[in-house]
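Q: One-letter residues, chain by chain:
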Amino acid sequence: MGKRTDIKKIMLLGSGPIVIGQACEFDYSGSQACKALREEGYHIVLVNSNPATIMTDPEMADRTYLEPLLPEIVSRIIEREKPDALLPTLGGQTALNLAISLKDMGILDRFGVEILGAAYDVIRKSEDRNLFKKAMERIGLKVPRSGIACNLETASEIAMEIGFPVIIRPGFTLGGTGGSVAYNIEEFQDLADSGLKLSPIGEILVEQSVIGWKEFELEVMRDRKDNVVVICSIENLDPMGVHTGDSITVAPIQTLSDREYQSMRDAAVSIIREIGVETGGSNIQFAVNPENGDMTVIEMNPRVSRSSALASKATGFPIAKIAAKLAVGYTLDEIPNDITRKTPASFEPAIDYCVIKIPKFNFEKFPLASPILTTSMKSVGEVMSIGRTFKEALNKALRSMEEKFQGFEDFPVEMETSLGISQPNQHRLFYIKKGFREGLSIDDIHQISRIDRWFLYNLKELADFEEEFKKYRNRKIPYRAMKKAKEYGFSDRQISRLANMKDDKAVRKLRVSMGIEARYNLVDTCAGEFEAYTPYYYSTYERSEEVKK
Amino acid sequence: MEGYLAIEDGTILRGETFGARGKSFGELIFNTSMTGYQEILYDPSYKGQIVVMTYPLIGNYGVNEEDVESGKIHLEGFVIRERSRIYSNWRATKPLDLLLYEHGIIGIDGIDTRRITLMLREKGALRGAIFTEKKSRPQMMKELEKAPGIVGVDLVKEVSAKKTFTWSGQGKYKVVVLDCGVKFNTLRLLASRNFRVTVMPPDVPWQEIVKESPDGILVSNGPGDPSAVPYIVGTISNVIERYPVFGICFGIQLIAQVFGGKTYKLKFGHHGANHPVMDLAAGKVLITVQNHGFCVDIGTLEKNDIETTHINLNDNTLEGLAHRKLPVFAVQFHPEHAPGPTDSVYLFDKFSRMVEKHGKEN
Chain A
28 MGKRTDIKKI MLLGSGPIVI GQACEFDYSG SQACKALREE GYHIVLVNSN
78 PATIMTDPEM ADRTYLEPLL PEIVSRIIER EKPDALLPTL GGQTALNLAI
128 SLKDMGILDR FGVEILGAAY DVIRKSEDRN LFKKAMERIG LKVPRSGIAC
178 NLETASEIAM EIGFPVIIRP GFTLGGTGGS VAYNIEEFQD LADSGLKLSP
228 IGEILVEQSV IGWKEFELEV MRDRKDNVVV ICSIENLDPM GVHTGDSITV
278 APIQTLSDRE YQSMRDAAVS IIREIGVETG GSNIQFAVNP ENGDMTVIEM
328 NPRVSRSSAL ASKATGFPIA KIAAKLAVGY TLDEIPNDIT RKTPASFEPA
378 IDYCVIKIPK FNFEKFPLAS PILTTSMKSV GEVMSIGRTF KEALNKALRS
428 MEEKFQGFED FPVEMETSLG ISQPNQHRLF YIKKGFREGL SIDDIHQISR
478 IDRWFLYNLK ELADFEEEFK KYRNRKIPYR AMKKAKEYGF SDRQISRLAN
528 MKDDKAVRKL RVSMGIEARY NLVDTCAGEF EAYTPYYYST YERSEEVKK
Chain B
3 MEGYLAIEDG TILRGETFGA RGKSFGELIF NTSMTGYQEI LYDPSYKGQI
53 VVMTYPLIGN YGVNEEDVES GKIHLEGFVI RERSRIYSNW RATKPLDLLL
103 YEHGIIGIDG IDTRRITLML REKGALRGAI FTEKKSRPQM MKELEKAPGI
153 VGVDLVKEVS AKKTFTWSGQ GKYKVVVLDC GVKFNTLRLL ASRNFRVTVM
203 PPDVPWQEIV KESPDGILVS NGPGDPSAVP YIVGTISNVI ERYPVFGICF
253 GIQLIAQVFG GKTYKLKFGH HGANHPVMDL AAGKVLITVQ NHGFCVDIGT
303 LEKNDIETTH INLNDNTLEG LAHRKLPVFA VQFHPEHAPG PTDSVYLFDK
353 FSRMVEKHGK EN
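As they're listed, the protein sequences go chains A and B. One rule links them: number in my numbering = place in the first sequence (from 1) + 27. One rule links them: number in my numbering = place in the second sequence (from 1) + 2.
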């Protein structure tokens with residue numbers, strides 16, 4: 028089909044200031060889109076109020092407006108620039124909301140500006156809880172039982188009918204702001220009241236709690252010929268109840284069989300079609316009951332999201348760039364996969380490693396914020412790591428946090444162990460570690476945290492190995508133990524502490540003498556099936572032992 | 003327990019074996035699916051092959067009683083990076099190693115599967131062996147050299163039905179499945195589309211098929227070299243003008259031979275769940291499940307009678323064909339999925355409509 032030639036000038040909306048729930052991931056997606064569209068010869072008018080972004084660098088767009096992302100201001104820019112189209116799906120929720128306002132004000136119609144990516148109705152359908160629920164019911168998918176309320180009285184009635192605990196979600200807010208869980212009617216009334224105030228339209232959704240269910244996400248893309256592909260699947264280590272942005276997440280999904288994964292994929296494909304996202308990426312979240320596999324749809328974002336940035340880095344598939352190309356009319360099969368060069372973008376990345384994202388918090392700077400993690404996002408950043416196994420990736424991720432721990436090690440925590448495990452908080456992993464040390468079993472921890480046993484078992488393997496490794500204290504570490512420690516993602520410094528060696532340099536010297544050195548694997552989108560050309564690597568210590576003679 | 007993976011090029015890697023004990027030989031191939039190891043294990047098309055999973059973490063969700071795709075596991079060995087020692091899923095009934103043990107299959111983990119994948123990509127399919135007992139290097143290499151290859155070998159007889167049986171007796175139309183190593187999901191999908199399903203062995207005389215008076219025929223997937231089974235090609239050629247025919251994977255390779263097509267061996271084959279295929283009529287991309295080491299040479303087909311319907315977008319190989327006059331079509335990928343995406347399951351509906359239309363016309 029090729030790119031559209033009926034549009035020349037495209038207005039791109041950024042996401043404004045960096046706030047909790049909407050950080051630099053939208054600078055990344057916006058910058059990618061600027062580059063991709065200018066490469067195609069389109070004239071780009073960029074609006075973003077945040078000058079500290081890459082996308083507002085002078086060479087990124089043809090015209091850059093550092094103006095507030097407010098409908099009145101942007102209307103005037105539209106009046107002046109007369110763009111043919113508006114691309115709001117790469118600037119987070121801010122850009123989407125802004126596009127809705129501009130449409131409602133009649134600005135887009137007056138100046139003949141077409142919304143690319145997700146049409147007005149699509150945004151409404153995905154954002155308006157009631158419309159979304161009806162859409163899901165039409166395609167036979169379950170959503171948590173819920174009701175919409177504009178006042179406290181109706182809200183309370185709905186909550187009583189559903190039964191506690193219930194989730195309160197204010198309509199049209201960023202990063203789930205104001206989202207909360209109420210366990211009884213007293214709590215509910217306070218939380219619902221503040222939810223109503225937080226929502227720009229004074230509306231909240233009162234929803235059946237699926238707290239403790241397994242949480243999954245799929246990153247899906249669609250083009251205008253209705254080709255749909257799943258770029259990445261993500262499993263949250265933290266079960267439902269913690270905002271995805273605050274959860275430790277793992278790609279790809281680890282604990283679903285193919286049949287279950289395919290029914291989720293089928294659901295995602297039906298959802299992107301039913302909601303009607305014409306082109307681009309969407310993020311769809313699901314909850315699955317660990318007891319019987321019941322699957323419900325939690326939400327869908329008809330735009331590039333925080334998770335898309337993660338999925339792009341995790342798979343090597345540049346979602347924002349491809350979304351921009353799809354928005355101007357290309358189809359997935361017309362776009363080459365930059366990494367393999369020979370194969371098209373109309374495929375689903377196969378990965379042969381494990382990716383972990385861990386959120387980073389800064390509660391010291393927000394002394395009034397409760398450190399308990401809930402359905403509204405509190406993290407200020409995140410780290411991502413890649414390893415051949417979950418264990419290797421986990422140690423790498425924890426080390427990258429630049430905090431006082433080097434990996435999954437003993438770390439002093441203040442609360443009582445079982446409370447620290449049951450109440451989601453930024454140091455939950457270390458409470459689990461402490462729990463193992465205090466003799467709690469995987470089942471015990473699963474009971475109070477609802478974290479899947481598979482994750483807990485892997486954590487236990489790390490803890491047990493660490494304990495066992497201590498026997499090399501003041502002794503020479505043998506080859507196999509050293510090899511396993513490195514394959515499990517232990518740093519040289521961690522090893523030096525465990526074995527009481529002088530320092531990390533001493534460990535490094537020893538392991539290099541044993542031939543144990545890092546290897547760099549390509550992130551190639553295809554699990555090694557095709558040759559890859561992009562220099563994007565991760566380190567791993569995996570090396571099979573060879574029998575030479 | 004410590005064991006070894008020996009490869010034709012002289013590489014021998016140490017790992018930890020699980021499942022059965024002893025030794026096994028086969029053609030090493032890699033599969034890039036991230037889920038679906040249970041269905042892969044049960045896929046009869048892997049007869050003669052040792053499957054290397056590129057996804058490193060296998061066994062996480064255990065195995066269950068439902069995702070069973072054939073009567074027994076036929077592949078020769080299973081190579082993975084890390085076998086989960088725990089399984090976690092509400093449907094799971096046992097761990098991976100127990101399943102392999104019960105079926106007498108040897109698995110090995112702790113192997114750098116990416117290294118093997120890159121080796122196979124560069125050098126093409128190689129023979130391999132897994133040994134659970136310690137042997138000398140020359141001993142292992144010697145045994146490996148003596149192991150049979152798969153080119154020119156008929157593996158179909160080892161994995162297919164020995165005699166005719168009924169899978170489903172309910173339904174409006176009757177389909178005969180010519181079993182070359184069929185997966186149960188093919189049969190399930192036919193049964194759920196109002197077909198009575200009769201499965202017949204691959205060496206059944208064509209007159210026996212006619213005696214069944216079917217409304218349509220499905221030629222299934224299967225293992226090994228499609229040029230090694232001329233007797234099945236002969237059977238198909240005797241019935242192809244009488245009934246609507248649908249071929250899957252090995253099935254397309256046999257049907258193509260009826261129309262002059264030749265098959266050749268791909269360097270390392272297509273084994274995964276993410277292959278983009280263009281449906282040329284619809285102009286749309288299907289994400290398909292693939293499992294084949296051989297392929298039909300497009301250039302050898304009789305152009306007057308056969309049209310290309312599907313093409314692989316990764317390497318432009320043939321993925322689907324249809325006869326211009328007869329109600330006959332076939333695909334190289336697996337519309338029955340299990341494991342993998344369900345994008346192409348509509349082909350079963352197409353077959354169903356074709357059978358219905360043919361029934362009305364005759």
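Simulated from the structure, these hints should not be mistaken for laboratory data. The model shown is predicted, which means the values in this text are computed figures rather than measured ones. Quick reminder that beta carbons are idealized off the backbone N, C-alpha and C, glycines included. Where hints are given, some of them may not hold.
[Claimed, not checked] Dumping the calculated EDC-like pairs for lysine to aspartate or glutamate here, alpha-carbon to alpha-carbon at most 20 Å: (1) B:Lys96 <-> A:Asp470; (2) A:Lys161 <-> A:Glu318; (3) A:Lys62 <-> A:Glu99; (4) A:Lys36 <-> A:Glu154; (5) B:Lys125 <-> A:Glu108; (6) A:Lys369 <-> B:Glu18; (7) A:Lys575 <-> B:Asp317; (8) A:Lys532 <-> A:Glu544; (9) B:Lys136 <-> A:Glu573.
[Unchecked claim] If you want the footprint, here are the derived chain A segments under chain B, 3+ residues with CB under 8 Å: (10) 364-371; (11) 376-386.
Q: Among all the numbered hints in the text so far, which are the ones the structure does not match?
A: 2, 3, 4, 5, 6 and 7
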